[in-house]
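So the protein lines, in turn, are chains A and B.
For the first sequence, this note's numbering assigns the number 1 to the initial residue and increments by one for each residue that follows.
For the second sequence, this note's numbering assigns the number 1001 to the initial residue and increments by one for each residue that follows.
Hint data in this document are derived by calculation from the structure and do not stem from the laboratory.
For glycine and all other residues, C-beta sits at the position ideal for the given N, C-alpha and C.
Possibly wrong hints are sitting among the right ones.
Some chain B residues judged to face chain A by a derived CB distance under 7 Å, without partners named [said to hold, decoys possible]: (1) Arg1048; (2) Phe1084; (3) Glu1087; (4) Val1090.
Here chain A is said to cover these stretches of chain B; the calculated rule only asks that three of the stretch's residues, wherever they fall, bring their Cβ under 8 Å from a Cβ of chain A [unchecked claim]: (5) 1017-1024; (6) 1138-1148.
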Amino acid sequence: MRRPTTAAALSRRRLLLGGAALAVAATQLRPAAAHHGWRSFGDTPFELSGTVEEVFLGNPHGELAVRADDGVWEVGLGPPYRNRRAGIEEGTIAVGDRVTAIGKRARDPEERAMKTERLIVGERTYDIYPERLRDS
Amino acid sequence: MTALLFWLEGSLLAEAMRQSLWLYPLVNTLHVLAAAALFGAVLLTDLRLLGLGRRLALEPLLALALPTVWAAFAVALPTGLLLFASEAVVHGANPFLRAKLLLLAGAGLNALLFARLRRRGRQPRASGLASLALWLGVLVCGRLIAYW
């Protein structure tokens, strides 16, 4: 005797399997995307100098890839409107520019990641988080 | 004021919010759930005041909606304070947060006024309209805090 629900049961199982696969895939993603706000960054002042390899100024926040002596760093900037208020626009930072980023580095010492309070591009200084700069 | 914000951000509680793996997401989730519950209850009440769903008597609706709003607010307020403390310096300068607090005060005054009018047997549409606009503003400004 054939069970009439076989096809439905099969597609349900496929759906479950697909969901499980997606869940597993999600846990494999690098946590880089979770770097919003200042939560994942420490409290001690940090400074990084290097050469810009990539520029991203979109949402939820801008990011530079900066090559320093010890490798490529993920240098977080502010959300788009904050960057613009600081004077950073499309074209302000170009690949190949020498930059110095002042801010806080990721709490996880394994990560080459920081979030920027002040960015120096060539001769110009951009205060992205002026309200946080009081103490440093 | 700035010194106070720096102190708050440096406090043990704020530090725990930043350091703990689960505390921030937990508090954040509770805040969003509270906002959803609060706005849901407010929305239905406002729509009723504006004339929709007249088959529902206003009094029993309010008897359910008001405690829901208060319970949700009791969750939203402390979780909101914790979220604020975790990044007090940056949030303290955030215009969307200030606008949200002003609108929140407005929504409170509007509710107070509505309560007085209701005791006099009135249930004005304007109360519902003002409430809807104010709470929508609160939610929108709340969401935009992250993008300033």
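Evaluated hints:
1. Arg1048: This interface hint is violated because 37 Å lies over the 7 Å limit.
2. Phe1084: violated (12 Å)
3. Glu1087: With a closest approach of 5 Å, the Glu1087 (chain B) hint holds.
4. Val1090: holds (6 Å)
5. 1017-1024: Since three or more residues must qualify, the claim that chain A covers the stretch 1017-1024 of chain B holds, with 4 doing so at under 8 Å.
6. 1138-1148: Holds: 3 residues of the stretch 1138-1148 of chain B have a Cβ under 8 Å from chain A.
In summary, the numbered hints that this structure violates are 1 and 2.
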